[in-house]
Amino acid sequence: MTITLSDVGSAALLLALALALYAAVAAFFGGRRKIDNVIESAKRATFVVFGLLTLAVAILEYFLLTGAFQVEYVAHYTSSTQPLLYNLSALWGGQEGSLLFWGWVLVMFAVIVLIQNRNQHQELIPYVLSVMMVTASFFLVLMTLVTSPFKLLDKLPADGSGLNPLLQNIGMFFHPVTQYLGYVGFTVPFAFAIAALLSGRLNDVWIRTTRRWTLFAWLMLSLGILFGGQWAYVELGWGGYWGWDPVENASLMPWLTATAYLHSVMIQEKRGMLKVWNLVLVTLTFLFSILGTFITRSGIIQSVHAFGVSAMGPYFLAFMGVTVLAFLYLLLARVDTLKEENELDSLVSRESSFLLNNLILVGAAFATLWGTIFPMISEAVTGKKITVGPPFYNQVNGPIFLGLVILMGICPLISWRRASSENLIRNFAAPLAVGLATVAILFVLGIRDASGIVAFSISAFVLATIVMEFYRGMRARIRQYHENPLLSLFNLIERNRRRYGGYVVHIGVVLMVIGIAGSTFYKIETQTTLVKGQSVTLKDYVVRFDGLKEMPRGNFDAVIAQMTITQAGQPIGMLFPEKDFYPGQEQPSTEMAVRSTLIEDLYIILAGWEDDGAASVKVIVNPLVMWLWIGFGVLVLGSLIALYPDPREERALARVRAPQTAAATG
Amino acid sequence: MRFLRIFLAAVFLFILTIAPAFADAGVDAVAQNLMCQCGCTMVLSTCECGTAEQMRSEITTLFAEGKTQQQILDFYVAKYGEKVLSAPTKQGFNLTAYITPFAAILIAGGAIFLVVRQWVIHSRKAPPVAPALTPEPTAAHNAGIVSLDALRARMQQDLARYGE
Numbered sequence: 001m002t003i004t005l006s007d008v009g010s011a012a013l014l015l016a017l018a019l020a021l022y023a024a025v026a027a028f029f030g031g032r033r034k035i036d037n038v039i040e041s042a043k044r045a046t047f048v049v050f051g052l053l054t055l056a057v058a059i060l061e062y063f064l065l066t067g068a069f070q071v072e073y074v075a076h077y078t079s080s081t082q083p084l085l086y087n088l089s090a091l092w093g094g095q096e097g098s099l100l101f102w103g104w105v106l107v108m109f110a111v112i113v114l115i116q117n118r119n120q121h122q123e124l125i126p127y128v129l130s131v132m133m134v135t136a137s138f139f140l141v142l143m144t145l146v147t148s149p150f151k152l153l154d155k156l157p158a159d160g161s162g163l164n165p166l167l168q169n170i171g172m173f174f175h176p177v178t179q180y181l182g183y184v185g186f187t188v189p190f191a192f193a194i195a196a197l198l199s200g201r202l203n204d205v206w207i208r209t210t211r212r213w214t215l216f217a218w219l220m221l222s223l224g225i226l227f228g229g230q231w232a233y234v235e236l237g238w239g240g241y242w243g244w245d246p247v248e249n250a251s252l253m254p255w256l257t258a259t260a261y262l263h264s265v266m267i268q269e270k271r272g273m274l275k276v277w278n279l280v281l282v283t284l285t286f287l288f289s290i291l292g293t294f295i296t297r298s299g300i301i302q303s304v305h306a307f308g309v310s311a312m313g314p315y316f317l318a319f320m321g322v323t324v325l326a327f328l329y330l331l332l333a334r335v336d337t338l339k340e341e342n343e344l345d346s347l348v349s350r351e352s353s354f355l356l357n358n359l360i361l362v363g364a365a366f367a368t369l370w371g372t373i374f375p376m377i378s379e380a381v382t383g384k385k386i387t388v389g390p391p392f393y394n395q396v397n398g399p400i401f402l403g404l405v406i407l408m409g410i411c412p413l414i415s416w417r418r419a420s421s422e423n424l425i426r427n428f429a430a431p432l433a434v435g436l437a438t439v440a441i442l443f444v445l446g447i448r449d450a451s452g453i454v455a456f457s458i459s460a461f462v463l464a465t466i467v468m469e470f471y472r473g474m475r476a477r478i479r480q481y482h483e484n485p486l487l488s489l490f491n492l493i494e495r496n497r498r499r500y501g502g503y504v505v506h507i508g509v510v511l512m513v514i515g516i517a518g519s520t521f522y523k524i525e526t527q528t529t530l531v532k533g534q535s536v537t538l539k540d541y542v543v544r545f546d547g548l549k550e551m552p553r554g555n556f557d558a559v560i561a562q563m564t565i566t567q568a569g570q571p572i573g574m575l576f577p578e579k580d581f582y583p584g585q586e587q588p589s590t591e592m593a594v595r596s597t598l599i600e601d602l603y604i605i606l607a608g609w610e611d612d613g614a615a616s617v618k619v620i621v622n623p624l625v626m627w628l629w630i631g632f633g634v635l636v637l638g639s640l641i642a643l644y645p646d647p648r649e650e651r652a653l654a655r656v657r658a659p660q661t662a663a664a665t666g
Numbered sequence: 001m002r003f004l005r006i007f008l009a010a011v012f013l014f015i016l017t018i019a020p021a022f023a024d025a026g027v028d029a030v031a032q033n034l035m036c037q038c039g040c041t042m043v044l045s046t047c048e049c050g051t052a053e054q055m056r057s058e059i060t061t062l063f064a065e066g067k068t069q070q071q072i073l074d075f076y077v078a079k080y081g082e083k084v085l086s087a088p089t090k091q092g093f094n095l096t097a098y099i100t101p102f103a104a105i106l107i108a109g110g111a112i113f114l115v116v117r118q119w120v121i122h123s124r125k126a127p128p129v130a131p132a133l134t135p136e137p138t139a140a141h142n143a144g145i146v147s148l149d150a151l152r153a154r155m156q157q158d159l160a161r162y163g164e
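Those protein sequences? They're chains V and S, same order as listed. So in this note's numbering, the last one in the first sequence is 666, and the numbering has no gaps at all. So in this note's numbering, the last one in the second sequence is 164, and the numbering has no gaps at all.
Simulated from the structure, these hints should not be mistaken for lab results. For every residue, glycine included, the Cβ atom is placed at its ideal position computed from N, Cα and C. Heads up, some of the hints might be wrong.
[Stated by the list, open to error] Here are the simulated lysine-lysine pairs, BS3-like style, with alpha carbons at most 30 Å apart: (1) S:125 to V:385; (2) S:125 to V:384; (3) V:384 to V:34.
[Said to hold, decoys possible] To spell it out: a stretch of chain V is covered by chain S in this simulated footprint if at least three of its residues, at any positions, have a beta carbon under 8 Å from a beta carbon of chain S; those stretches are: (4) 238–249; (5) 352–360; (6) 381–392.
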């Protein structure tokens with residue numbers, strides 16, 4: 001039964017590859033020669049590919065849930081004692097399953113794009129489909145020729161190895177899914193960009209059509225980064241959420257370029273400028289997404305997150321190389337039709353501030369890429385192996401990000417086209433006063449650390465600029481319509497979701513900056529060995545060790561330390577850090593215990609123990625971490641506001657389409 | 001202004017609330033500058049494995065012997081090579097690791113400045129053009145308030161643009 005089903009799975013992938021290649025070629029030539037039947041055939045082939053990949057996913061999930069250990073993938077990533085949830089999520093826990101998941105989601109998106117556009121953009125859709133199916137074919141080639149999820153073992157093992165214990169965490173259920181949805185989602189705007197180049201329809205239709213796709217992918221990638229950070233915080237046991245690891249960097253790079261793109265498209269929509277730049281940004285974002293998958297799955301760069309090592313490197317490099325060459329060829333071929341419709345009227349304007357924002361965002365992406373690949377460059381040049389870790393990124397990316405946060409406050413308040421000095425004074429006087437007041441208050445409170453003062457005062461400045469924007473809009477509505485403040489706030493956001501959703505995202509980022517600054521600059525920790533009944537004091541916390549206990553827990557055994565906590569003399573509860581021992585794993589995994597408040601986290605790690613029952617514990621006080629998670633929540637809320645369909649956007653898109661349609665029919 | 005006063009007061013209260021969280025950071029400076037050598041790719045100060053424990057106690061011993069922070073780092077570089085350091089040294093070719101990102105931003109920024117300045121000079125020399133399709137948004141516009149005059153002006157612009 002197992003062998004038959006695995007054959008069906010392999011055959012489904014092979015057939016899907018053949019049909020995906022057919023769809024890619026047919027859609028391209030159908031679009032080129034304007035042969036409707038061929039285009040229709042490509043569309044139907046896409047639906048069939050989706051059906052075949054759904055079948056393959058269903059078969060693999062069936063294997064994972066029923067413990068079909070003869071399948072190599074199942075034997076590697078599940079076990080008979082592993083909880084059902086993690087057997088289910090093993091689909092994206094390993095390399096082969098991740099590739100299948102990537103390909104399946106990509107073709108699902110292609111189907112959604114076809115359904116969304118069944119009556120529109122017919123001049124673009126064949127090329128969009130072709131690009132998406134070429135990408136799907138690439139992943140199907142990997143699944144069929146390099147590393148099949150349905151490969152069988154010669155000998156049936158008694159049990160599976162199970163997922164890496166680090167991955168047996170609820171955060172790992174959501175993190176890879178959202179991360180991949182983000183990575184895959186960027187294929188849609190990229191496909192539309194290439195379609196615009198291929199078809200020569202280079203007005204902003206492709207940008208407006210894919211705005212929500214881009215925002216969706218950006219939101220998913222943001223969530224992926226959030227879940228990854230939370231997983232690292234509770235699972236890796238070092239008291240941090242971001243370690244500048246190559247895999248983490250790989251997720252940050254497309255996020256940064258996509259953020260730049262989300263801002264620069266506004267200039268193309270408003271002023272018909274930056275057409276080439278937007279095409280470059282969307283392509284860079286797509287390439288970084290592929291690079292992210294490559295770094296995570298290839299093991300080419302040493303990483304705490306690289307859970308698989310394989311020989312896929314040359315395939316990924318070839319795919320990315322071909323993509324770059326094809327893009328450059330198309331860009332050069334169309335350069336005459338990509339002329340700017342306007343020029344900047346002033347050095348100080350919203351447009352130029354957005355250019356600066358783009359420069360910093362892309363600069364941050366470059367600095368991250370540079371740090372990630374520098375060990376390889378250095379080894380090639382000097383022959384010495386070196387490490388590029390957090391201290392490097394703190395010194396290089398830290399100032400770049402600080403500049404970015406300042407720009408986040410400045411950009412939205414500068415007028416389009418030309419900012420007058422009155423405009424600048426009117427918009428910046430109060431926020432600057434708030435920023436300076438924050439410096440003074442922090443100084444009076446005895447805080448002398450320059451990094452903290454700079455980070456918090458800039459956060460206050462940016463927050464003030466955003467609050468002022470809301471205040472002005474609400475005041476205008478209250479005066480005009482006599483609405484109460486709450487209703488005016490609701491209507492303000494509802495009437496301009498994109499703009500105010502963006503501001504809410506900015507508020508979220510500022511809150512995250514506050515959380516990051518607090519936990520980076522003011523974290524304190526101590527490590528000590530305690531015998532039963534002994535205490536350790538950190539800040540105003542007293543942590544008493546009340547002994548160890550062993551406990552079997554499903555598929556692992558836990559050694560748990562019981563810690564009683566008092567703060568400023570008041571008992572505030574108990575915490576239970578533990579070490580978990582999974583069968584077949586050499587090292588136990590760490591489960592830290594945390595008590596979170598808005599002010600700070602008390603974070604305890606059980607580092608080890610002696611035969612006499614003494615425990616080695618690490619205690620960390622991590623200030624303001626909660627604001628990082630709250631900030632992420634606000635960022636998601638803002639993205640959802642901006643993502644929600646806006647009738648005004650639809651009308652704007654219809655206005656752009658109108659002349660095009662007239663030209664096509666006339 | 002009343003609103004701003006309330007906002008300032010809120011900022012002040014917020015800072016007062018979070019101020020108790022601040023304390024001098026106590027850092028294990030040496031461990032932050034070294035990588036754990038068990039193959040986990042984690043900074044020594046953050047790793048909890050046996051190798052990390054061993055390296056940290058070795059650092060304590062070296063400190064007790066009177067070694068300085070730099071001498072301890074040199075000891076580990078001699079033992080494991082430069083890869084034991086958590087960041088490249090700021091010497092020789094490694095210096096390019098630190099300089100390149102800022103140099104790239106400055107060069108790109110300079111290029112953007114020149115292009116924008118050229119645009120500005122060109123647009124000032126050019127004859128006045130019709131107002132942009134989308135006029136500069138005012139607070140009222142952003143708030144969803146559109147006057148009849150504004151609508152009329154926009155219609156004229158659209159008619160002019162699309163050739164009636």
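Against the structure, the hints come out as follows:
1. S:125 to V:385: violated, 56 Å
2. S:125 to V:384: Roughly 56 Å separates the two Cα atoms, so the pair is violated.
3. V:384 to V:34: violated, 57 Å
4. 238–249: n = 5 at 8 Å, threshold three: holds.
5. 352–360: holds (count 5)
6. 381–392: That given contact holds, which follows from 11 residues of the segment 381–392 of chain V lying within Cβ reach (below 8 Å) of chain S.
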